[in-house]
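Chemist: Residues per chain, in single letters:
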Amino acid sequence: MIDVLIALLPVVIFALVKYTWHAAVNLLLSWFTMCAAEFVFVLIKNWGPKDGMKHSLSAKFKYACSGYSINNVLVPLVSATIFALLMPSQATTPSGFIYFVVIIGALFGIVFGKLVYGGTGQNIFNPAVVGFIFVKLCFSSKFNGLWYVDAFNVNNSGALTAGATILTNVTNHGTVFGSSYSYLDMFMGNIPGAMGETCKLAILLGLVYLLIRREIDWKVVVSYLGTFLLLIVMAGLIPLSKHEVGFDYGKFVLTQLLSGGLLFGATYMLTDPVTMPITAPSRILYGMIAGVATVFIRLLGGYSEGVAFSILIANLSAPVLDHYKWSSSRFNWKNVLAMVLIPLVAVGILLWAFADKIPASGLVVMGGAL
Amino acid sequence: MIAKTTHIEDTKKLLGMLPTIQADVPEFIYIATNNARCGKADVTIKEGDHVNFGQVIGMRHAPYFDQPIHATVSGTFLGYEKHYHRSGKLVDFMKFQNDFKDTVDPSIKDRTDEEIASLTKEQITEILKNCASVGLGGSSFPTYVKFQTDKKIDTILIDGIECEPYITADHRLMLEMSDEIIKGIKLLEQAFGCHDARLCLKKKYHDLIALYTELFKREKSSGITLAPVGNFYPQGWEVAMIKSATGIIVESGHLPSEYGIINFNVSTVVGIYEAVKHNKPVAERYISVSGDGIVSPSNFRVRVGTPVKSLIAMCGGYKDPEKDKVFILGGPMMGASVPSDDVIVTKTVTSVLVFNAEQPKVEPCIRCGSCVLSCPVHLEPVQIMNAMKVMPVDKERVKALNPLKCIECGLCSYCCTSKIPLLDYVRRAKIIAKLP
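Sequences listed follow chains L and W, in order.
The numbers in the first sequence follow our numbering, run straight up by one, and end at 370.
The numbers in the second sequence follow our numbering, run straight up by one, and end at 436.
A couple of the hints might just be wrong.
Here are the simulated BS3-like pairs of lysine-lysine, each with C-alpha atoms no more than 30 Å apart in a straight line [as the list claims (entries may be wrong)]:
| # | chain 1 | residue 1 | chain 2 | residue 2 |
| --- | --- | --- | --- | --- |
| 1 | W | Lys419 | L | Lys325 |
| 2 | W | Lys40 | W | Lys12 |
| 3 | W | Lys399 | L | Lys219 |
| 4 | L | Lys50 | W | Lys419 |
| 5 | W | Lys399 | L | Lys325 |
| 6 | W | Lys389 | L | Lys325 |
| 7 | W | Lys389 | L | Lys60 |
| 8 | W | Lys151 | W | Lys434 |
| 9 | L | Lys334 | W | Lys186 |
| 10 | L | Lys325 | W | Lys430 |
| 11 | W | Lys82 | W | Lys309 |
| 12 | W | Lys389 | L | Lys334 |
| 13 | W | Lys323 | W | Lys40 |
| 14 | L | Lys60 | W | Lys361 |
| 15 | W | Lys95 | W | Lys395 |
| 16 | L | Lys334 | W | Lys405 |
| 17 | L | Lys325 | W | Lys405 |
| 18 | L | Lys334 | W | Lys430 |
| 19 | W | Lys419 | L | Lys60 |
| 20 | W | Lys419 | L | Lys62 |
| 21 | W | Lys243 | W | Lys434 |
| 22 | W | Lys399 | W | Lys82 |
| 23 | W | Lys151 | W | Lys95 |
| 24 | W | Lys109 | W | Lys89 |
| 25 | W | Lys152 | L | Lys219 |
| 26 | L | Lys54 | W | Lys95 |
| 27 | L | Lys334 | W | Lys217 |
| 28 | L | Lys45 | W | Lys361 |
| 29 | W | Lys309 | L | Lys45 |
| 30 | L | Lys334 | W | Lys399 |
| 31 | L | Lys325 | W | Lys395 |
Partner residues aside, some chain L positions facing chain W, computed with beta carbon under 8 Å [to be verified]:
| # | residue |
| --- | --- |
| 32 | Gly119 |
| 33 | Ile216 |
| 34 | Thr279 |
| 35 | Ala280 |
Short derived list, chain L residues pointing at chain W, Cβ under 8 Å [what the hints assert, rightly or not]:
| # | residue |
| --- | --- |
| 36 | Ser69 |
| 37 | Val73 |
| 38 | Pro273 |
| 39 | Arg330 |
Think of the hints as simulated: they come from the structure by calculation, not from any bench.
In this text, a Cβ means the ideal position worked out from N, Cα and C, and glycines have one as well.
Generate coordinates for the entire structure from the input sequences, incorporating the hints supplied.
Modeler: See the structure below:
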């Protein structure tokens, strides 16, 4: 778990540099909320020695605290850091992002995403994603569009400029399948978005570190990004064949890859081992399901881009993939068939539905973060 | 860390260099009546009787074979005492007072080389049966049963891999008894009528490889070759060894002899040779005493029946005697833990490991899947654990996860990032899966 925190460090540093104390407040609030919830959970779970004898309150408290281990701090810290990085920075949203949204999200995420299932290792869903989706749906007015602080142009007066996220921008300016931002800006994070998801360089650093330390399973990352790329490349064929005006194939693919929370989700959230299936073939299928869901939500869905939802959907599929009747740690005809069928069916659905979705005037792509 | 674990920390480089110490025969020798494979035993001597070295003093009975019990010392039978057997069970041991004369029983007499050369497979099988020769690598499977195979054997594999950490008994045996090993391998070739025997050694055992390359050069006509195999764990598992040495994959549920392969441990080969040459049961064996709870880890050649306590005393006793100790007979990965040092060396004890007891804090499983990736037989230990945690246990679910395939190599417990004793769960699942 320390390794995941180390891998999150470049992203945290980026957020702190770019958003200064706004990021710090988000992180601190989230850390405090999740760690406190976990501590209360440990107290409730281990309350008093269950030996039928009478104990004083302080003895019960001491006994409960003895069940508190380093993992009861590190695991919530990881979830809390990820959750905080998914939040927009304070005071840059139009209505003034309020602190209690962070607290509510963190609390909901850890309680209903993890603790109700029995704590670390028992949860079905990634707590950070659960918390994020909860606040995103409940407080959607707080999330509207403009989250951008151009920290690289900021002067000492602290003048903050705001902007829309890439995909929203695309829609507003009527440019199809592309954005006005340069690839370098998108790569370095000089674009609007949630605090953690914009800087691909920092995320790639974390990804490389995690892969070197083998803290995450490369199969999930590869199959997720591979499926995503395959579907996007196939989807791009439709406007290409229709000779859309101003359509740039390469730009479409690259923008899809570099925008939103794709890389952040693939690195830190999808690869959370607790919510993954355990066998190698199941993990490949799991990445595929998430990849398909992301593309479908992004291109066909009515909701802004779908990494968070796709992670939840993939989390849902993990217990099914792990069912003892068909899970196998070896590749056999069943799981290989599934590995072939899922992308095939997905491409089929995509080509059929996406072709209908493109109006004559151009593609409407919903924008937003994660 | 989510990764396939194949290497375990090697801790025996120094110990393998230490020469073997011939341990003194203690005043009292203990012989087990029954053991892990044989549940019943008939003892044919009475208290106060005098026995000779190598005398048959009883018969052990197992479901499908009988095994004579031999005295490994000359002296007086004093009676029965309870001690721990290497399987971890408390077993009746016969206690003998050593008279330090080692009067040899008349049944032990050498065969000449001509006599040996004329022996058939059936005759050798009979000799091994009477000498109670068993697999000395730790399996204690009767060797003569292996000899009774009617399959055509093309390749004999000799296991000198010793892939468990800490143990160097076979290493020292191979260095010090190379003559007996080569003669034993030739005897096996004679018995099975094949001309292809391979000594499997880990690639990293440079001293052994150098020694045996030289020795086999002198035996060009014998068909014995060296098969250097991988350094990974569990290379000593017969399926892994056969795959590395010959390329043949033995499917689960099949015997290697169906593929024309038969395999023996090096110490078994020496045991077979001694049985045929001297008509002598296994009375001595190589043992490593090691671990971080021992003052000076050593290799011993000990008389079977020696109490482990005296070996530990010969090693200088316990390091940090105030700490609790864990005793393991066999390797740290697969061996059995015994509750105290009141254990007796039997034929199949390869090592005594003494560790300072450390109870690692078991963290909740984070489903990292390292155990699934590492399992050499492609089981899913974490799924088995979860199935065993459900009360009442769902028998169908446990059976569907196939725990009976487990070879108990211990990699799942070793690689667990949460320090969960997975092998314990799998062992319990095996019991459940055996139920009708």
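Chemist: All the hints need checking, so say for each whether the structure fits it.
Modeler: Okay, the hints, checked on the actual structure:
Distance check on the hinted pair: Lys419(W) and Lys325(L) sit about 27 Å apart at the alpha-carbon level, within 30 Å; holds. Simply put, Lys40(W) and Lys12(W) have alpha-carbon atoms about 37 Å apart, too far for the 30 Å limit, and the pair is violated. Proposed proximity of Lys399(W) and Lys219(L) is supported: the alpha carbons are some 29 Å apart, at most 30 Å. The straight-line distance between the Cα atoms of Lys50(L) and Lys419(W) is roughly 25 Å, inside the 30 Å bound, and the hint therefore holds.
The hinted pair formed by Lys399(W) and Lys325(L) meets the criterion: a straight-line CA distance of about 10 Å does not exceed 30 Å. Simply put, Lys389(W) and Lys325(L) have alpha-carbon atoms about 18 Å apart, close enough for the 30 Å limit, and the pair holds. Restraint check: the Cα-Cα separation between Lys389(W) and Lys60(L) comes to about 27 Å, which is no more than 30 Å; the hinted pair holds. Simply put, Lys151(W) and Lys434(W) have alpha-carbon atoms about 29 Å apart, close enough for the 30 Å limit, and the pair holds.
Between Lys334(L) and Lys186(W), the direct Cα distance comes to roughly 48 Å. Violation of the 30 Å bound is thereby established for this hinted pair. Under the criterion of a C-alpha separation no larger than 30 Å, the hint pairing Lys325(L) with Lys430(W) is consistent with the structure, at around 18 Å. Restraint check for Lys82(W) and Lys309(W): satisfied, since their Cα atoms lie roughly 15 Å apart, inside the 30 Å limit. With a C-alpha separation of about 28 Å, the suggested pairing of Lys389(W) with Lys334(L) holds against the 30 Å cut-off.
A threshold of 30 Å between alpha carbons decides the hint, and for Lys323(W) with Lys40(W) the separation of about 38 Å lies outside it, so the pair is violated. Restraint check: the Cα-Cα separation between Lys60(L) and Lys361(W) comes to about 21 Å, which is no more than 30 Å; the hinted pair holds. A distance of roughly 44 Å separates the Cα atoms of Lys95(W) and Lys395(W); the hinted pair therefore is violated under the 30 Å criterion. This hinted pair checks out: Lys334(L) and Lys405(W) have alpha carbons roughly 21 Å apart, not beyond 30 Å.
Taken as a hint, the Lys325(L) and Lys405(W) pair is honoured in the structure, with Cα atoms around 17 Å apart against an allowance of 30 Å. Restraint check for Lys334(L) and Lys430(W): satisfied, since their Cα atoms lie roughly 26 Å apart, inside the 30 Å limit. A hinted pair counts as satisfied when its Cα atoms are at most 30 Å apart, and Lys419(W) with Lys60(L) qualifies at roughly 27 Å. Simply put, Lys419(W) and Lys62(L) have alpha-carbon atoms about 25 Å apart, close enough for the 30 Å limit, and the pair holds.
Note on Lys243(W) and Lys434(W): the hinted pairing holds, with a Cα-Cα distance of about 28 Å set against a maximum of 30 Å. Of the supplied pair hints, the one linking Lys399(W) and Lys82(W) is violated, its CA atoms being roughly 37 Å apart against a limit of 30 Å. At most 30 Å may separate the alpha-carbon atoms for a hinted pair to count; Lys151(W) and Lys95(W) exceed this at roughly 42 Å. Between Lys109(W) and Lys89(W), the direct Cα distance comes to roughly 35 Å. Violation of the 30 Å bound is thereby established for this hinted pair.
The straight-line distance between the Cα atoms of Lys152(W) and Lys219(L) is roughly 44 Å, outside the 30 Å bound, and the hint therefore fails. Pair hint Lys54(L) plus Lys95(W) does not hold up; C-alpha atoms about 52 Å apart against a cutoff of 30 Å. Annotation: proposed proximity of Lys334(L) to Lys217(W) is violated, straight-line Cα distance about 51 Å (limit 30 Å). For the given pair, Lys45(L) sits about 17 Å from Lys361(W) by alpha-carbon distance, which is consistent with the 30 Å threshold.
Between Lys309(W) and Lys45(L), the direct Cα distance comes to roughly 45 Å. Violation of the 30 Å bound is thereby established for this hinted pair. Between Lys334(L) and Lys399(W) the alpha-carbon distance is near 20 Å, which keeps this suggested pair within the 30 Å criterion. Among the hinted pairs, Lys325(L) with Lys395(W) is consistent with the structure: their alpha-carbon atoms are about 13 Å apart, no more than 30 Å. Hint status for Gly119(L) relative to chain W: holds, with the closest Cβ pair at about 7 Å, below 8 Å.
Nearest Cβ of chain W to the Cβ of Ile216(L): about 7 Å, under the 8 Å cut. The hint holds. Contact between Thr279(L) and chain W, as hinted, is supported at the beta carbon level, the nearest pair being about 5 Å apart and thus within 8 Å. The interface hint given for Ala280(L) holds, since its Cβ lies 7 Å from the closest Cβ of chain W, which is under the 8 Å cut-off. This hint holds: Ser69(L) has a C-beta 7 Å from the nearest C-beta of chain W, less than the 8 Å allowed.
Hint status for Val73(L) relative to chain W: violated, with the closest Cβ pair at about 13 Å, above 8 Å. Taking 8 Å as the C-beta cut-off, the interface hint given for Pro273(L) holds, the closest approach to chain W being about 4 Å. Interface hint at Arg330(L): satisfied, since its Cβ lies 5 Å from the closest Cβ of chain W, which is below the 8 Å cut-off.
Of the numbered hints listed earlier, those contradicted by the structure are 2, 9, 13, 15, 22, 23, 24, 25, 26, 27, 29, 37.
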